[in-house]
Every structure is written in structure tokens, then in C-alpha cells.
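Visitor: Each chain is listed here by its residues.
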Amino acid sequence: MHEKLKGIETTRGQFAREIDAVDSPGGLEQLRVRYLGRKGLIANLFKQIGGLDPEIRGEFGKALNAFKQEATERVERAERELAERETLAGVDPTLPPRPRNQGAYHPLTLVEREVKRIFSKMGFAIVRGPEIEDVWHNFDALNTPHWHPSRDDTDTLYIEGDDNLLLRTETSPVQIRTMQRQKPPIRIVAPGRVFRNDKPDPTHSPMFTQVEGLYVDRGVTFADLKGTVLQFYRHLLGWRISTRFRPHFFPFTEPSAEVDVSCPFCAGSGCRICKQSGWIEVGGSGMVDPNVLEIVDIDPEIYTGWAFGLGIERMAMLLYGVDDIRLFYENDIRFLAQFGGRR
Amino acid sequence: MKVSINWLREFVEFDESAEQVGDILTRLNFECESIEPVRRYVAGVKVGRILESRPHPNADKLLLAKVDVGGDVLPIVCGAPNCREGLIVPVATPGTRLGGFTVEERKLRGELSRGMILSEREIGISDDHSGVLELDESFAVGRAFDSVLPADDTVLEFEVTVNRPDVLSQLGMARELAAYWNRPLRRPSFDVEELPDRRAEDEMSVEIAAAEQGPRYVARKVTGVTVGPSPLWMKARLHSIGQRPISNVVDITNYLLFELGHPLHAFDAEHVRDGRIIVRMAEEGERFVTLDDRERSLLASDLMIADPEKGIALAGVMGGANSEVSELTNDVIIEAAYFDPPTVRATAKRLALSSEASRRFERGSDPAMPPYAAARCAEMYRRFTGARVLAGHVDAYPNPIDPPLIRYRPGRAKLVLGFDVPAGTAAGVFRALEMDVEEDRDSLAVTAPSFRPDLEREVDLIEEVARHVGYEQVPVAEESRVVLSAADPEIERVIDTALDTMVALGFGEVVNSAMTSAEDHDAFAGGLAPPRIHKPINPEMNVYRASLIPGLLRVLEHNVNRGLEDVFLCEVGQVGGRGWFGIEEEQRVHLGFVAVGSLRPPAYDREPEMLDLPDLKRIVIDIARGLTLDIPERFSYDVPDNLLLGISVTSNDADSRAIAGLLKEEVAERFGLDRPVYVGEADLERWVRPHAGDLRRPGIIGGYQPFSRFPASVRDAAFVVPFAVAAEQVREIISEHADELLEHITLFDLYQGRPLGEHERSLAFRFVFRAEDRTLTDDEIDPRLRAIVDAVQSLPGVRLRGD
Ligand SMILES: [Zn+2]
Chain R
41 MHEKLKGIET
51 TRGQFAREID
61 AVDSPGGLEQ
71 LRVRYLGRKG
81 LIANLFKQIG
91 GLDPEIRGEF
101 GKALNAFKQE
111 ATERVERAER
121 ELAERETLAG
131 VDPTLPPRPR
141 NQGAYHPLTL
151 VEREVKRIFS
161 KMGFAIVRGP
171 EIEDVWHNFD
181 ALNTPHWHPS
191 RDDTDTLYIE
201 GDDNLLLRTE
211 TSPVQIRTMQ
221 RQKPPIRIVA
231 PGRVFRNDKP
241 DPTHSPMFTQ
251 VEGLYVDRGV
261 TFADLKGTVL
271 QFYRHLLGWR
281 ISTRFRPHFF
291 PFTEPSAEVD
301 VSCPFCAGSG
311 CRICKQSGWI
321 EVGGSGMVDP
331 NVLEIVDIDP
341 EIYTGWAFGL
351 GIERMAMLLY
361 GVDDIRLFYE
371 NDIRFLAQFG
381 GRR
Chain D
110 MKVSINWLRE
120 FVEFDESAEQ
130 VGDILTRLNF
140 ECESIEPVRR
150 YVAGVKVGRI
160 LESRPHPNAD
170 KLLLAKVDVG
180 GDVLPIVCGA
190 PNCREGLIVP
200 VATPGTRLGG
210 FTVEERKLRG
220 ELSRGMILSE
230 REIGISDDHS
240 GVLELDESFA
250 VGRAFDSVLP
260 ADDTVLEFEV
270 TVNRPDVLSQ
280 LGMARELAAY
290 WNRPLRRPSF
300 DVEELPDRRA
310 EDEMSVEIAA
320 AEQGPRYVAR
330 KVTGVTVGPS
340 PLWMKARLHS
350 IGQRPISNVV
360 DITNYLLFEL
370 GHPLHAFDAE
380 HVRDGRIIVR
390 MAEEGERFVT
400 LDDRERSLLA
410 SDLMIADPEK
420 GIALAGVMGG
430 ANSEVSELTN
440 DVIIEAAYFD
450 PPTVRATAKR
460 LALSSEASRR
470 FERGSDPAMP
480 PYAAARCAEM
490 YRRFTGARVL
500 AGHVDAYPNP
510 IDPPLIRYRP
520 GRAKLVLGFD
530 VPAGTAAGVF
540 RALEMDVEED
550 RDSLAVTAPS
560 FRPDLEREVD
570 LIEEVARHVG
580 YEQVPVAEES
590 RVVLSAADPE
600 IERVIDTALD
610 TMVALGFGEV
620 VNSAMTSAED
630 HDAFAGGLAP
640 PRIHKPINPE
650 MNVYRASLIP
660 GLLRVLEHNV
670 NRGLEDVFLC
680 EVGQVGGRGW
690 FGIEEEQRVH
700 LGFVAVGSLR
710 PPAYDREPEM
720 LDLPDLKRIV
730 IDIARGLTLD
740 IPERFSYDVP
750 DNLLLGISVT
760 SNDADSRAIA
770 GLLKEEVAER
780 FGLDRPVYVG
790 EADLERWVRP
800 HAGDLRRPGI
810 IGGYQPFSRF
820 PASVRDAAFV
830 VPFAVAAEQV
840 REIISEHADE
850 LLEHITLFDL
860 YQGRPLGEHE
870 RSLAFRFVFR
880 AEDRTLTDDE
890 IDPRLRAIVD
900 AVQSLPGVRL
910 RGD
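Protein chains in written order, with this note's numbering: chain R, 41 to 383; chain D, 110 to 912.
Bear in mind the hints are in silico, worked out from the structure with no lab data behind them.
As the structure is a computational prediction, the values presented were derived from the model and not from experiment.
The beta-carbon is built from N, C-alpha and C at its ideal position, and this holds for glycine as well.
Check before you lean on any hint, since a few could be wrong.
[Stated by the list, open to error] Here are some chain D residues pointing at chain R (derived, C-beta under 10 Å):
#1 Leu217
#2 Arg218
#3 Glu220
#4 Pro476
#5 Met611
#6 Val619
#7 Phe690
#8 Gly691
#9 Ile692
#10 Tyr713
#11 Glu716
#12 Met719
#13 Pro723
[What the hints assert, rightly or not] Keeping only pairs whose Cα atoms sit at most 16 Å apart, straight-line, the calculated EDC-like set for lysine to aspartate or glutamate is:
#14 Lys239(R) with Glu693(D)
#15 Lys419(D) with Glu567(D)
#16 Lys644(D) with Asp203(R)
#17 Lys644(D) with Glu200(R)
#18 Lys644(D) with Asp192(R)
#19 Lys315(R) with Glu142(D)
#20 Lys156(R) with Asp597(D)
#21 Lys644(D) with Glu119(R)
#22 Lys458(D) with Asp192(R)
#23 Lys458(D) with Asp193(R)
#24 Lys644(D) with Asp238(R)
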């Protein structure tokens with residue numbers, strides 16, 4: 041390369057280093073004057089053109105013009121960058137997020153939705169029914185003997201002025217209503233609030249939330265019940281859960297069973313939550329009593345069915361470690377806010 | 110139901126631990142609730158005789174006794190008032206452990222004491238601590254007490270389901286265990302030692318005048334009863350299962366109640382006129398004084414035990430004061446009967462006289478049991494009260510009750526249980542449970558035992574098989590069935606979506622009791638009519654809610670009182686009766702909300718934006734949008750009296766309904782709230798899109814509308830509007846005078862103040878014109894805008910701003 045062209049390259053390299061180092065508008069102005077000013081380095085280089093060999097004059101002029109244009113653009117860009125930096129100086133990106141009213145689901149809703157989701161996956165339709173029920177749907181049709189203590193007003197809350205109306209004690213009447221409307225196959229799950237004449241204490245609430253599943257079809261057996269209940273609790277509580285069925289008496293079902301799940305907290309070895317037993321009682325179940333099927337005109341010689349139920353509060357207490365059922369109904373935001381907006 | 114391990118062992122042989130027994134019975138339907146050791150302090154205790162008892166020289170209430178414990182004579186300081194010379198007593202010698210301490214030789218008020226004379230409570234056989242236990246001559250002095258009473262026992266408590274009266278006894282529980290283990294059940298066996306020359310039937314008769322309510326009545330008679338304490342072992346057993354020993358005559362019937370599960374009653378024979386017992390219905394209004402000395406008024410539906418002159422007992426419920434056994438009693442008539450369960454239940458319930466006996470009769474006692482129970486009772490009277498037993502009994506049983514014959518098909522059992530139980534296995538279970546079984550070719554003919562009122566149908570037998578084979582033997586089916594179509598009702602989606610919208614808007618969901626107070630309903634709004642609850646749990650829960658808002662306001666109060674400023678709460682739940690919408694309704698699902706404070710809370714660089722009515726409108730619209738409903742175009746401002754101002758929504762389908770607004774100050778104050786409170790309630794069932802259920806495509810509602818791809822032309826115009834003209838009026842007149850080229854209008858600026866008049870404001874609208882098929886020209890737009898502006902200016906007092 042010609043000596044003179046090398047001179048342009050040297051100046052260009054020097055400019056590039058200097059402009060990268062510029063950090064103030066004053067410094068940039070000095071730089072601009074030094075290179076691009078009327079008496080600046082680039083103007084000086086232009087003055088040399090007259091004294092050059094004609095054979096390199098063209099090449100020199102071209103290279104110098106390119107450098108001048110580049111230098112001008114770099115200075116303009118640096119001006120913009122410095123101006124932006126100026127405006128950002130008042131902005132602090134570490135400021136905290138601004139507050140907003142944070143919506144939240146009630147923990148009972150979160151658990152109920154989880155339960156509904158699992159039942160939906162298993163092909164159950166969700167059905168609801170009235171909280172104020174009649175005696176026939178709540179007791180008679182469920183095969184509750186006339187002498188059964190659950191019918192007493194010490195156990196059940198009746199509506200004043202009508203002996204026939206009560207606050208339902210189970211969601212099972214929804215099953216009756218469904219079977220009156222629809223014939224097998226039936227797969228439904230009925231969530232809802234139920235009521236008992238209980239004084240509130242850490243483990244009792246006069247209102248609580250129940251979910252009951254019902255499956256009626258040809259060839260539905262106790263073995264199916266056990267299979268479905270196991271699947272359900274594995275989905276809800278984890279895949280290591282096992283279930284245990286103990287005989288019990290419910291008017292609505294026969295054979296009837298209480299369902300225990302192996303304690304999810306200690307894997308069955310015994311802890312405070314399962315009272316060292318390794319098992320936690322979670323609900324009732326059984327094969328729908330033939331009397332119930334007959335009441336709704338379903339032939340028990342052709343169809344069989346199972347039902348099982350659980351308490352949402354009980355599940356929520358287990359899943360979230362809540363030790364007093366009354367917290368769910370006190371609705372203190374310090375409690376509710378802990379469950380967040382998760383659906 | 111409490112069960113003693115020692116007691117059970119009389120009826121079935123076992124080495125299994127109490128824990129194992131608890132587990133087995135739990136698996137058989139009887140949930141074990143507790144296992145408690147019964148501690149008796151008998152090791153180191155000896156039978157002694159008080160040789161001498163004199164006052165302690167240094168203490169008024171203490172005595173100084175010399176007690177012969179067989180070889181050794183111990184000086185003992187004793188505080189019991191009955192400590193007297195000649196008594197045979199239990200004595201704890203030094204080194205004996207009693208409860209929390211060890212008996213030691215020591216000086217009491219200066220006198221040496223080398224042991225302790227014990228009360229029943231100190232030994233652990235009753236709660237009696239009134240004096241030292243007085244033993245009879247059958248206790249040989251010097252004998253170790255642990256050969257008299259077993260040292261320890263274990264008592265298990267079980268939950269017994271209401272269908273199983275047969276296990277409300279030691280024998281019943283033993284029967285279940287024997288069947289489970291396949292070991293023999295040993296019923297108590299005995300011979301009654303009877304008087305050869307006096308026959309019960311010569312001195313007594315039973316006449317049944319109400320055979321349906323009193324199907325069977327057996328009576329026995331004993332003579333020469335001496336009332337006194339029961340034997341120690343009997344006291345100990347009763348005490349271990351939580352019963353208080355009283356006297357031999359009372360304790361024997363009580364003991365048999367818990368042993369056999371059959372209630373018995375003892376009459377003083379002297380007060381049964383002519384020895385004639387009549388089982389009859391009470392007369393309407395008949396007066397009768399029961400054992401507890403209370404006079405009862407009876408109904409014709411109450412069953413009485415009577416003599417020819419008077420009632421002597423309320424059958425199965427309580428005896429009469431007039432025939433009660435007392436210290437003076439010589440002869441006793443023992444009643445062992447079977448009464449109709451509903452009859453006993455109705456009487457016991459009406460008179461609130463529930464007892465261990467009535468509990469068993471109510472659920473169904475064993476109609477075959479009375480002769481056996483009466484004989485056992487008579488024999489125990491003979492042994493423990495010194496009485497003699499008249500020969501035979503009187504048994505009135507006009508219409509014997511036949512236990513049902515039930516057909517059991519193994520194939521049916523498989524259909525219910527999901528696995529095969531061989532017929533032989535089932536027959537084994539039935540026989541172990543004392544049923545009669547005859548094997549047919551493809552079924553079993555099973556006769557239920559008389560003590561099992563719960564066995565009536567085939568499915569009852571299937572349950573017995575499942576119970577005794579074990580629920581754990583039922584296989585776990587793999588889920589392999591085809592999933593059925595299962596469309597949820599539309600309301601389910603509405604509930605979830607409405608709640609999702611509220612939470613996204615910043616509302617926190619609450620769950621309130623549906624039982625709330627009538628007072629709160631009245632405080633919230635006039636004219637609400639919530640269904641009232643009969644016998645409410647407490648006055649705060651005396652109605653079933655007709656509106657969600659009273660409960661929400663209480664939660665608001667609770668949280669505001671805890672210092673929170675911005676509280677936005679919502680709830681979804683059922684309501685009934687006449688609510689805020691003023692209509693008497695079936696139960697419906699409502700959404701309610703309450704809010705105080707700012708929609709956008711203040712931040713370090715921002716003022717709060719307090720909630721107001723336009724925000725409420727936005728909330729209502731957001732709910733509708735979430736449900737993909739037609740967005741309400743119009744709000745009605747006609748709202749209930751308890752709101753200062755608000756909106757109600759009657760959407761395009763004319764039926765949707767919601768009310769929202771600002772609560773009047775006086776209403777808020779009734780709920781302890783001293784700041785603006787916004788409330789709203791919507792009937793979600795009316796927000797279910799009509800006919801959505803018929804579309805059979807849940808969750809997908811509405812459809813695509815083509816939109817114009819041509820540019821819009823935008824024009825602005827501001828109007829000065831007097832307060833008397835509402836913004837909505839201006840909007841309406843614009844809509845009336847626009848054609849389809851006006852795509853939409855927005856109110857983009859609202860101004861009040863100078864230079865406008867005092868009762869004026871400026872409303873600035875943005876008009877967006879667009880055609881579907883072309884770019885609009887000024888020639889098309891200008892006349893349309895002019896027509897609109899002219900129309901708006903025709904409103905009284907309105908003028909175009911800037912003119
Ligand atoms: Zn555990």
C-alpha cells in the first residue's frame with residue numbers, strides 16, 4: 041500500500057479508538073472539532089491531495105471521502121447515544137413492582153376444581169342440586185330408615201314452617217334427582233355444600249362441602265369401585281397412595297365401606313397427621329343399595345352401581361396443612377391470600 | 110360400645126393381643142376408637158383383718174389400726190370412717206405400687222404406719238372412695254389379692270353402626286371374632302337351680318293385649334332377695350366398661366345387658382297386683398311416674414307393662430317408681446321381653462328417655478333371647494343375692510317371629526363384588542355367623558338368625574360374605590370401560606368462568622355459611638325473605654340466605670377492621686327465598702361482590718384510583734364478556750332503596766339480571782363500615798346463554814364475523830352539555846342519527862370547569878367511520894357527521910364546543 045494511503049488508515053484507527061472512549065458531550069465535541077473541524081485532521085488530509093501523484097490521487101480521494109462520511113455518522117450516533125443515556129439517568133430499573141389488587145381463589149374452590157378435573161378425566165359429568173331439599177330426596181329415596189337418628193332435628197336442620205324441607209345433609213339427593221331424570225349408564229359427580237346440626241369447633245362445621253361420585257351401569261362391581269377410588273386418590277394425593285376399605289353402614293349402599301388412604305405425609309409409617317396409624321379416613325363408599333335403584337325405577341337385577349364421597353374441607357386441610365376447619369369460613373384475607381390465584 | 114378383653118375371653122378362646130382384636134373388628138365393620146389399659150392395683154395387696162382400731166392420738170380424723178395380713182400384724186394409720194375392728198379388708202403392704210406412688214413404711218403424725226387399707230377406687234374397681242372396701246368372710250386372711258381379681262384388663266371402644274344391635278354386647282362381639290377365627294363360640298352355660306315345690310306359673314301370669322307392639326314377654330320369679338353389694342369381679346367388670354356398680358339386684362340386670370345385649374327389668378313382686386302382668390297400650394293421657402320420680406303423660410301409642418290396677422313400667426324405656434326394687438324387696442319378678450322397635454323408639458324419643466336398654470330395643474333386640482336371658486338372670490340372683498328361683502317361667506309369645514329365609518346366588522354375589530366367592534366359602538361364613546344354610550343346586554337357602562334384624566335380602570348376605578372374606582380380597586379393577594359422554598350442565602361453566610373473571614379483576618373469593626342471620630338481611634335491604642331455619646344452631650344462623658351480600662359485608666367488616674384499605678371480595682353460592690331482586694324464587698346460584706378502596710391501589714409514584722360507578726359497569730361487562738354473552742349496551746339506573754346510586758342490568762335476552770352500586774351510608778354503617786362500599790349481585794342462572802345447552806358444544810359460543818379490511822376515518826367532536834342532559838342521552842341520539850358507516854363512538858374526554866358554565870360539562874366523542882367494501886371519502890363522511898352534530902345540538906342546552 042502506498043505510504044499516503046497508510047496515513048489515512050492510521051488516522052482512521054485512531055479515530056475509532058477515541059470515539060469509543062468518549063463519555064460526555066464535551067468530549068465528543070472536542071473529538072469532532074479535532075477530526076471534522078475546518079482545521080481538523082481530515083481537512084488537513086484533503087489538503088494533501090493537490091501534491092499527490094496523479095496515479096494514486098483518485099484512490100486517496102475515495103478512501104478519504106469514505107473515512108469522512110464514516111466519521112460523521114459515528115459522531116452523530118454517539119450524540120444520540122449520549123442523549124439517551126442522559127434521559128435514562130433518572131430511571132431506576134430496580135424499583136419494586138407497583139401493587140395491584142390481587143385476586144385469589146378460595147382454597148375450597150381450588151380443591152373442588154382439582155377434584156372436578158380428575159372426575160372429568162374419568163368421564164364423569166358434574167351435576168348440582170338444591171341446598172334446600174325435601175325429605176323424600178334427602179332421606180326416603182336414599183333408603184334411610186324412618187328411625188334413623190340422622191332424621192332427627194338434633195342432627196338435621198329443617199326449614200321453619202315446612203317439615204318436608206331441610207338443608208340437605210348430603211349431596212346424595214343429587215344422585216336421586218339424576219337417576220329420576222336419566223337411565224343408566226350414569227356417571228356423575230355432585231359437589232356442593234351440605235349442612236349438619238353441629239356446633240362449630242376445629243374439626244366440625246355446620247356447613248361443609250361434599251363431593252359424591254355415582255356410577256350405575258350393567259356389570260358395575262365393588263372391584264370397579266375399588267379401582268376408581270384408588271385412581272382418584274392417586275391423582276389427588278400422589279402416585280404412592282394406597283387405599284383400604286373397611287366395612288361400615290350407610291343406608292344408601294350395601295355393601296358399604298369407609299375408605300382410608302395411606303398417609304401421604306409419612307408414606308404409611310406413622311406420623312402426627314395420621315395419628316401414628318399410617319392411614320387417614322377420607323370418606324364413605326359402597327354399592328348402591330337395590331332399594332335405591334328400585335325407588336328410581338332402575339332394575340337392580342340388571343344394573344348395579346357404586347357411589348363414593350369425600351369432604352372437600354378434609355382434603356383441603358390435608359393438602360394445605362390447615363388445622364382448624366373454621367378458618368375456611370372466617371374469610372380473613374391473611375388466610376385467603378396464602379392460596380394465591382392458582383386455579 | 111366398650112368391650113373388655115377378659116370378658117370376651119369367656120366366650121371365645123384367643124391369644125391375640127387387644128390391638129389385633131381391635132384391627133379385626135375394625136375390618137369387620139366396627140371401628141375401634143380407642144384401646145385403654147385397665148389398671149388394677151392388686152399386686153402386693155393382701156386380704157387382712159382389722160384386729161383393733163382406735164383414734165389417732167394426734168389427729169381427729171385419723172384412726173390407728175392393727176391389721177392381721179396372715180402371719181404379720183401391721184400397724185396402719187387409716188382415715189376411712191368405716192375402719193373398724195373385725196372388718197376384712199384389702200391391705201397394700203409396703204412396696205406395693207398404687208397408681209402414681211409406692212406404699213411405704215412411714216410415720217403419720219408421729220405414729221408408725223406400715224401399709225394402707227384400700228378403698229374400691231384405690232384398687233381400681235369403682236369410683237367409690239367413701240371408705241375402705243369391706244370384704245366378706247369368703248376372703249381368707251393372708252390371701253394375695255391378685256388371686257381374687259385379675260391384675261389388668263384392656264378395654265376397647267368400638268363405633269357400632271345403627272344397623273347392628275346384635276353386637277351391643279360382649280357376646281355379640283365375641284360371635285364376630287369366633288366367626289372370623291373359625292373358633293367355637295361358648296355361650297354362658299349354666300343350670301338354674303330351681304325350687305322343686307314352687308312353680309312360677311302358679312304365682313304369676315302374663316297376658317298380652319297388644320301383640321303387635323309387645324310380641325313376646327317372659328317372666329321369672331325369685332324369692333328371698335337380699336340387697337347388698339355385688340361381688341368384686343362383677344363390680345370390676347362393670348367399672349371397666351364405664352358402668353357404676355350400685356347393688357347386686359341392679360348390677361345383675363346391668364351386667365347381663367352388656368354381656369348378652371338383652372335388657373332385663375326387675376319388679377318388686379309385692380307391687381305387682383296378683384302377680385298378673387298385662388302388656389297393653391297406655392290410655393291417652395294416662396299418668397305414670399317413672400323410676401326417676403317424674404310424672405309422665407302418656408299417649409295411646411305408648412306400650413305399658415301393667416298389673417290389673419295400674420301401669421308398672423313403660424315398656425323398654427323405663428320402669429315405674431311404684432314397683433321399683435328396694436332394700437325392702439323380698440320377691441322379684443324378672444322381665445325378659447321383645448318389644449316392637451318403632452314403638453319403643455317413639456316413646457323414648459318423645460319423653461327424651463334414651464337409655465342403654467331403650468337403645469337396644471329401638472334397634473331390635475333378639476326375640477329368641479328372653480327365656481335364656483331370664484333364666485341366666487334368675488340363676489345369678491340365686492348366686493349373688495341369696496334368692497331362690499321358682500321353677501319354670503311364664504312365656505307369652507302369641508305370634509312367633511320367623512326369621513326370613515333368603516336365597517343367595519353366588520352368581521349375583523359375583524355381579525356385585527366383581528369376583529367369585531365359592532358357594533362353600535359363603536356357606537361357611539353364614540354358618541359361622543349362626544345362620545341356617547341349605548345348599549340347593551345353584552343357590553343357598555339361608556335363614557337369618559333371630560338376633561340379626563339387618564339381614565333381610567340377598568344383598569345383605571352378599572355384604573356378610575364381603576365383610577368376612579375381607580374387603581381387601583375384592584380385586585382392584587383396572588379402569589378399562591369406555592368413557593361415557595359427559596357434558597356438564599352449562600351452569601357449571603358459568604360458575605367457573607364468572608369466578609375466573611372476578612379473580613382476574615382482583616377480587617378475592619370467600620366462602621360464607623349459607624346459614625346467616627335474619628337481622629343481617631334486614632340491615633342490608635328491606636323486603637328480603639330468607640327461608641327461616643327451625644331450631645337454628647345459634648341466632649346468627651337463623652335463616653338460609655336470600656342474598657350473598659349480607660355475609661360478604663360481614664367479611665368486609667372483619668377485614669377492614671384489621672386495617673386493610675382495598676378489599677375486593679366475591680362469592681359464588683346458592684340462595685333461596687325472596688332476595689334483592691324482589692322476586693320469590695327457587696334456589697339459584699348467585700355471584701355476589703363487595704368492594705372498598707381503590708381499583709388501582711396507590712404506588713410510590715401514583716395516586717390511588719378509587720372505585721366508582723363506571724368501574725362497576727366495566728366489572729359487569731367483563732363478567733358478561735367472560736361468559737361470551739352479549740355485552741349489555743344499556744344499564745338501568747333504577748335500583749333498590751339501599752343504594753345511593755347504581756345500575757341494574759337487563760341484557761338483550763331480557764332475562765339476565767344483575768344489580769350493582771354504591772351502598773347508602775346508613776346501610777354501610779350497620780355493617781360497621783365507615784367508607785364508600787360498592788356491592789353487586791348477579792343471578793348466574795340467568796346468565797346462562799339461552800339454548801346454549803342445546804348446541805351440544807359446551808364452551809364454544811358465538812361465531813366469527815367478517816371484518817372490514819379498509820381504513821377507518823376518524824372525526825372528533827366535543828359538546829358542551831348541561832348537567833340535566835345525561836351522557837347516555839347524547840350517545841343515544843348519536844346512535845339514532847348514524848347509519849351503518851359509523852363503526853363506533855367513544856367518549857374520550859370529559860371536562861368540567863372554566864370556561865364552561867357552573868352546571869355544564871364538555872363531552873368529547875370520537876367517531877370512527879368505516880365501510881366494508883371501500884375507503885370512505887370526506888364527501889361521504891362530512892354530511893353524516895354534520896347530521897349527528899345537528900341532532901346532538903337539538904338537545905336542550907347542548908352546543909358544539911368551540912363554536
Ligand atoms: Zn402419617
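Visitor: Work down the list of hints and note, for each, if the structure agrees.
Guide: Hint-by-hint comparison with the structure:
This hint is violated: Leu217(D) has a C-beta 44 Å from the nearest C-beta of chain R, more than the 10 Å allowed. Annotation: Arg218(D) was flagged as interfacial toward chain R, and the flag is violated, the nearest CB pair being 48 Å apart, outside 10 Å. With its C-beta approaching chain R no nearer than about 49 Å, Glu220(D) sits outside the 10 Å limit, and its interface hint is violated. At about 17 Å, the closest approach between the beta carbon of Pro476(D) and any beta carbon in chain R exceeds 10 Å, and the interface hint on this residue is violated.
Because the beta carbon of Met611(D) sits about 7 Å from the nearest beta carbon in chain R, less than 10 Å, this interface hint is met. A cut of 10 Å between beta carbons decides the hint on Val619(D): the least distance to chain R is about 4 Å, and the hint holds. Against a cut-off of 10 Å between C-beta atoms, the interface hint on Phe690(D) is violated, since the closest Cβ of chain R lies about 18 Å away. Evaluation of the Gly691(D) hint against chain R yields a violated restraint, the C-beta minimum of about 20 Å exceeding 10 Å.
The beta carbon of Ile692(D) is not positioned within 10 Å of any beta carbon in chain R (closest approach about 16 Å), and the interface hint is therefore violated. With 10 Å as the threshold, the beta carbon of Tyr713(D) comes within range of chain R, its nearest partner Cβ sitting at about 7 Å, so the hint holds. Because the smallest distance between the Cβ of Glu716(D) and any Cβ of chain R comes to about 12 Å, over 10 Å, the interface hint for this residue is violated. Hint status for Met719(D): violated, given a least beta-carbon distance of 12 Å to chain R, over 10 Å.
Interface restraint check: Pro723(D) against chain R, minimum CB-CB distance 17 Å, threshold 10 Å, status violated. At most 16 Å may separate the alpha-carbon atoms for a hinted pair to count; Lys239(R) and Glu693(D) exceed this at roughly 30 Å. Simply put, Lys419(D) and Glu567(D) have alpha-carbon atoms about 46 Å apart, too far for the 16 Å limit, and the pair is violated. At roughly 12 Å between alpha-carbon atoms, Lys644(D) and Asp203(R) fall within 16 Å of each other, so this suggested pair holds.
With a C-alpha separation of about 8 Å, the suggested pairing of Lys644(D) with Glu200(R) holds against the 16 Å cut-off. Distance restraint check for Lys644(D) and Asp192(R): the Cα-Cα separation of roughly 11 Å lies within the 16 Å cut-off, and the hinted pair is therefore satisfied. Only pairs whose Cα atoms come within 16 Å are accepted, and Lys315(R) paired with Glu142(D) is accepted, the gap being roughly 12 Å. Distance hint between Lys156(R) and Asp597(D) is fulfilled; the C-alpha atoms sit about 11 Å from each other, no more than 16 Å.
Among the hinted pairs, Lys644(D) with Glu119(R) is inconsistent with the structure: their alpha-carbon atoms are about 84 Å apart, more than 16 Å. Annotation: proposed proximity of Lys458(D) to Asp192(R) holds, straight-line Cα distance about 10 Å (limit 16 Å). About 12 Å separates the Cα atoms of Lys458(D) and Asp193(R), which keeps this hinted pair within 16 Å; it holds. Restraint check for Lys644(D) and Asp238(R): satisfied, since their Cα atoms lie roughly 12 Å apart, inside the 16 Å limit.
In terms of the numbered hints stated before, the structure departs from hints 1, 2, 3, 4, 7, 8, 9, 11, 12, 13, 14, 15, 21, listed from lowest to highest.
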